[in-house]
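Participant: One-letter residues, chain by chain:
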Amino acid sequence: MVDRASQPTALGEPEARRRLGASISGLLSDYSTVAVVIAVVAFFGLSSQFFLSPDNIANILRQMAIVGVLAAGMTMVVLIGGIDLSVGSVVLVSGAITGTLILNYEFNAWPAIAVGLLVAMAVGLLNGILIEKAQISPVIVTLGTLIAVRGAGQAILWINNSWVWVTDDLFVYVAKEKVLFLPIIAALMFVLYIISAVVLKQTAFGRYVYAIGGNQRAAQLAGLPVTRIKIIAYVLSGLFAGIAGLLMAARLGVVGPSVGLGMEFDAITAVVLGGTRLSGGAGRVERSLLGTAILVMVINYLTIRGIPDIWQTSVTGFLILGAILLERAARRG
Amino acid sequence: MAVRSAEGELQSAQPAGEARPILEMVGVTKRFPGVLALDRVNFSVRRGEIHSLIGQNGAGKSTLMHVLSGIYPANEGQILIDGQPVTITHPREALRLGIGTVYQELSLLPRLSVADNVFLGREPGNGFVINEAAVLSQAAEVLAQLGVRNIDVKARVADLPLAQQQLVEIAKVLSHQPRILVLDEPTASLAEEETVHLFDILKGLKAHGIAIIFISHRFKEIIQHCDRGTILRNGKLVKTIELSGVTENELAEIMIGQQVESFFRHDGQGEPKAGDQILEVSHLSVGQRVKDVSFVLRRGEIVGITGLLGAGQNELVRALFGIQENVTGTIRRNGQVLAIRSPGDAIQHGICLLTENRKFEGLVLDMSVKENVTLPSLSMFRRAPVFIDNAGEERATDGFVRRLNIIVRSVRSKVRTLSGGNQQKTILARWLLRNLDILIFIEPTRGIDVGAKADIYQYLDRLAQEGKSIVVVSPELLEILGVSDRILVMYHGRLTRVFEKGAADEEALLSAVQGGSQHGG
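Chains as they are written, first to last, in my numbering: chain A, 21 to 353; chain B, 884 to 1404.
Bound conformation, chain A alone:
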């Protein structure tokens, strides 16, 4: 067979050169998202004086924090071959519960946060169980929880006439302060990304996630706990959405009925822009951070160029289509 001739264990001279060439082209395709980010920064920076100002950069980082945290959780679900449409509603419900507990029930910040995050994880658990145990498609299940959870969040907000003010010191501190030059909420996002990347790359759980997404049948026949791992991925997505909800509440200082509306699509867009394969098994969570950066910078640029909000949704939609086309072209070429 060919492999005996062309895949020697020891590397010959031309073989080594070929390998160098392969690794350069591999590097290029690996860093194509980085290249896009640099190109976007350069183009926007040159065409708008305001874009690269320290204030706007801090602003971009704050905007990135929420979508970015959602995208990190979404990446895990996409990697196992699923999808989670409920995250935008979980953003609302975690903020609404935590805010209401502090405002109406005199909870301290930390226990209130714990309850908010537990509820968020419970939504993820429900998604996971319905998808994996009852074998319903992830789109249907999470569409259902998207609607149900948003309704529940709005019902909770109803106690305070639909608007909960979040004025707790901890939240104000997180929203306003910086560590070094980084806004705290952006720093939290980076920390979550580092943890996620390490978990996915260096732990058995991460290995299982890629194996299940790459070939679920094979993972099953290798005796992996497929159902459990997939449910955990949904729980993590819920947890990350809960954290995003709290960051959102801190940043806005108020939770209103439309908080998080449509953010699931921002998160999916960021994941796709980062090059994670929607059918699962391939992609990297840190690339979703780059995807988030591209998405947020485009929206930010449109805003500072005075293009009305109304058009921004449409732009997001075309970005996702463009990213999919690019990914396909890259895979063929």
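Read the hints as simulated data drawn from the structure, not as lab findings.
Treat the hints with care, since some could be wrong.
As the list claims (entries may be wrong) - Here are the simulated lysine-lysine pairs, DSS-like style, with alpha carbons at most 25 Å apart:
1) K1089(B) <-> K1103(B)
2) K1242(B) <-> K1336(B)
3) K1242(B) <-> K221(A)
4) K1384(B) <-> K1336(B)
5) K1297(B) <-> K221(A)
6) K1242(B) <-> K1297(B)
Please arrange chain B on chain A, whose structure you already have, making use of the hints.
Facilitator: Quick look at chain B alone, frame taken from chain A:
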């Protein structure tokens, strides 16, 4: 037309004075990555004959028919229909040219009625509204032409027995009025009387001048009902013969050829190995597919299980690995009854299964060799507090790469880039690392080149010597004869014959596989 056969002699494929054959395939070559599936095959079929394609699994029968029905294009060669060259690039074109194919797996929609299935996609009507009455009456007509009167065209396909579903499938293909009808193992799932009925129907079609290409592994029915046969071996044409007066043994000899199994292990060397009983399977049944099978597996032996397609051997071993539904019976290990409901349970009890479907059921192609090998054994490679010990993984995998002679650039290469043989060795390494002592293989060398095959046979032997118990399931009789200490033969879901060590030869085994009675063993 002169054709060069595999033996290299020249022979005439077409007796003089015959009318031009309706179908000729000339010099058809089909390559898959690493495999030459068809090597300049010539094949021709006459109007009004039942022509059998004969050969072992992997001989190229199905590939040849897939080329004919437009599923894959040939790399070289020509297809002529009525002497006119045609190109077939899509199943729809094949159908338009009058080539109808009934595949091994039925393509019916189980929830639709018989009539709806027959006319799926071209329902009579005005192009907008379907004329239900016409669908029913025309479907009934097609079935009547087939000579089938006991099927209700309004019945749901899912409610019909398999044999009747098969007839509906044939009716569906016939409703396109093909001139050439290809049947790929239509009798594999049929009982004997159903098979007879099917051939009655085929003879009726033959009388109408339809050419029928019939693939089957059952020599008895081939000789009884087919006019001519074309024998393929390893992707090459052996010859085309008239079947009248041929015996099953003659057919078997032509099919197997003079191949010597020189690379199989040589029995008789070393001490007799069969040790303690390690696994005892009693009264195991899987739905209707496996019926009341009992056998034991001993330490250090290789048990071969063989049978025709669909005889239940795959379901039997899948049940042992916990991936088969409706399993009854008991599995004991050292006297203790095992509850195996998932691969996880089976692995816990030391049993692993390597299926014939490496890409779908074995490997994660986008992961590296190392990651594929350590997948079920990650708990062996822990680094505090929760991380994977990558260096340890690489050392362990490197060891197996050397031991199993896996040819790969680095253990970090993606397993996708390996050849079939090296992929198979990668899965083998996975289970050896996990250190399980009962290894079950389904068709361990399917799609693997000769060199890697020899490696794998050798390794099976070495593993048995080391005290592992091995089960090999394969329809390739030579493989089974070559590797096994004992051979179990299944027929229609039952364990019908057991050949003790050295008691089997090709002919006895072939006859047993065909359901033959207790002679010659």
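Participant: Run every hint past the structure and note whether it holds.
Facilitator: Right, here's what the structure says about each hint:
With a C-alpha separation of about 20 Å, the suggested pair K1089(B) and K1103(B) falls inside the 25 Å cut-off, and the hint holds. Proximity of K1242(B) to K1336(B) is assessed by CA-CA distance (about 18 Å); at most 25 Å being required, the pair is judged to hold. In summary, the hint linking K1242(B) to K221(A) is supported, as the alpha carbons are separated by about 23 Å, within the 25 Å threshold. Taken as a hint, the K1384(B) and K1336(B) pair is honoured in the structure, with Cα atoms around 22 Å apart against an allowance of 25 Å.
Distance check on the hinted pair: K1297(B) and K221(A) sit about 16 Å apart at the alpha-carbon level, within 25 Å; holds. The suggested pairing of K1242(B) with K1297(B) holds, with an alpha-carbon distance near 13 Å, which does not exceed 25 Å.
Of the numbered hints stated above, none is contradicted by the structure.
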